[in-house]
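Put together the whole structure using the sequences plus the hints.
What follows is the residue order along each chain.
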Amino acid sequence: MSPLRLAWLNRTRHKAATILTIASLALMVAFAGILLRTWRVAESRFSTLANSGDAILGAKADPVDMTLSALNLEGPYPRFIPLRFGVLLNKNWLDTGFSAHVIPILFCGKHEGRRVIGTTHDIFTQPEPSPGFALQSGVWPGIDKGIVLGAETARREKLHVGDRIPVTPWTSDSLDVPRAPTLFRVAGILKPMHNAWDGALFTNIVQAEALIGRYSKDWNGDWSRLVAHYFILNVPAGGVERVRATVDARTVVQVASLVDTRAALARMTATGRSLGAVVALLVLCLTAIAVAALILGRYEALTRHFSILEAVGYPRSALLAVLAWEGLLLGLGAVLGGAVCDATLFPLARRLLGGALPGPEIVSSTVWTSWPVWAATVPAVLAASLLSSLLVFKGRAAERLRGLG
Amino acid sequence: MNLQLSDVEVRVPGRRDALFLVPSLRVPAGSSLLIHGPSGAGKTTLLHVLSGQFLPATGSLHLGETDLTALSASRRAAFRRRHIGIIFQRGNLIEHLTVRENIALGIPPGMPARLRTEQAIRRMDLAGMQHQRAGLLSPGEQQRVAVARIVAAEPDLILADEPTSSLDQANAETVMEALREASRGKTMVVVSHDPRILARFDAVENFAQWIPEKSVKVSA
Chain A
1 MSPLRLAWLN RTRHKAATIL TIASLALMVA FAGILLRTWR VAESRFSTLA NSGDAILGAK
61 ADPVDMTLSA LNLEGPYPRF IPLRFGVLLN KNWLDTGFSA HVIPILFCGK HEGRRVIGTT
121 HDIFTQPEPS PGFALQSGVW PGIDKGIVLG AETARREKLH VGDRIPVTPW TSDSLDVPRA
181 PTLFRVAGIL KPMHNAWDGA LFTNIVQAEA LIGRYSKDWN GDWSRLVAHY FILNVPAGGV
241 ERVRATVDAR TVVQVASLVD TRAALARMTA TGRSLGAVVA LLVLCLTAIA VAALILGRYE
301 ALTRHFSILE AVGYPRSALL AVLAWEGLLL GLGAVLGGAV CDATLFPLAR RLLGGALPGP
361 EIVSSTVWTS WPVWAATVPA VLAASLLSSL LVFKGRAAER LRGLG
Chain B
1 MNLQLSDVEV RVPGRRDALF LVPSLRVPAG SSLLIHGPSG AGKTTLLHVL SGQFLPATGS
61 LHLGETDLTA LSASRRAAFR RRHIGIIFQR GNLIEHLTVR ENIALGIPPG MPARLRTEQA
121 IRRMDLAGMQ HQRAGLLSPG EQQRVAVARI VAAEPDLILA DEPTSSLDQA NAETVMEALR
181 EASRGKTMVV VSHDPRILAR FDAVENFAQW IPEKSVKVSA
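For the protein sequence lines, the chains are A and B, in the order given. Just so it is clear: in the first sequence, position 229 is 229 by this note's numbering, and no numbers are missing. Just so it is clear: in the second sequence, position 34 is 34 by this note's numbering, and no numbers are missing.
Among these hints, one or two may not hold up.
[Said to hold, decoys possible] Here are the computed distance ranges between Cβ atoms for each label pair: (1) A:Pro-360 to B:Gln-132: 20 to 28 Å; (2) B:Ser-138 to A:Leu-390: 33 to 41 Å; (3) B:Ala-73 to A:Arg-267: 51 to 59 Å.
Please keep in mind that the hints were generated in silico from the structure rather than gathered at the bench. We put the beta carbon where it would ideally sit given N, CA and C, even for glycine.
Here you go:
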């Protein structure tokens, strides 16, 4: 009888123990996989963050949240700031010889879960080093209910210029009012930018304000309908500090320097990566310990079985092979079960983490991302099986000598 | 296959004095030998020595032309699988395997396992229980299955350790009859202190003769 056959019989004839072990291992594998995927999704911000501007102006909030909201389309609905703020700011600077490029951002709706951004044609004329916002086909819309699609949105939904799509007004989530979708005509499709904005839709800010005007509870009468959520600023060297000095202390807005924010994000991600690696390592150790516990838990039976097999003539290598196959079977079962749990539980974990991670429409994550965990699980389980076998062999020798006077 | 021991001295790890000494012992091919003696004297260990699982401190052990003490552990295991069959007093079987699977365990690689298993099952009249798990069998049935494993393996040398001591008279008779059937034409060494089976062997040796005087402290 081959070692594989023996290992298979050993496992399948102890169904309850095998199922319990595989289930516990699978949960650990799933947990480690979910950690890995969470970290990967968090880290993906660096590749999905829209490469635009030197600073973000928005209602007072955490600078990282402001940046992720404006450039990675994450988080809850932001607070309004007056649109004329950007205009006035620009005017004042121009008076002092300081030139800035200001782009308003106003989230106004959603189409199939993707955000619709109201902005101005200025977004096409950003100075270096923030180019890339360009039309592949069509035109920038006026006030004729036209909309421009990010390249990914057009690709995923197979949309073309001239198609009509529904856009549901999106305002503060605290407003519990049914919102009827409005049909927009696809006026243009953007060239791919390889960032989160590829998955968004863009329209004229005038249309954006009209779309949400009826529904916005936070609408501030003093600002009329002229509001925005953010301004993306492109400024000359030293400009971010000048803007900060101008607005931070004296107005309702604040400035987030993109250089500083990216550095803060990098620190946070690195910390998360280290923590994730430690936890994943712990989980793998637990996996190995669980297997060792299973094998040593049937230590008495195993020593007797191995004594019988050795007496029959199975060499030590064959006995090791039996344990190795058992470990492999458990490891593969754990990986399979872990992958299923991972695929099932990760969306739930992502929902629970909410705004702490970019949404699935921005960064997708498949279960295959967890493959390093699977690749580490099998050797960990194998190693645990073989190390346990040392103890079993020791016990087997004692078993053999039993009966000595 | 002849069995020949010369000047075999067996020591227990961690003890300085010899457990037993066998100056000379020869079992001709096709004959049977019963070794009887007091419990706990080392008879089981002698069987482990004869099977090559436990090496003596000194001396030689020949099975046919092969000196087992000169072989590596893996070669001894391979030799054992092909030429030696062992039956213990109890615990011969792996409980979660079926009767059929336990019998197949002993068949050397490269042999027609299915055919030999079926032949052994028929010969030992185990057809009715071949798919039962070994752990569910009575001690007598378990010993019969152990004998069937020997039958399927067709070894040249059969070693048995107290094969009947835990059985009642009827079961002991059945097992000994099965062993006699299985060992036809083969060399067999049985260690036992069961007086019921003394008359069934070609030769009988008393294990006590091999115990050094200062070690004789066990009760008969």
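These are the hints, each one checked on the structure:
1. A:Pro-360 to B:Gln-132: 20 to 28 Å: 54 Å, violated
2. B:Ser-138 to A:Leu-390: 33 to 41 Å: 36 Å, holds
3. B:Ala-73 to A:Arg-267: 51 to 59 Å: 57 Å, holds
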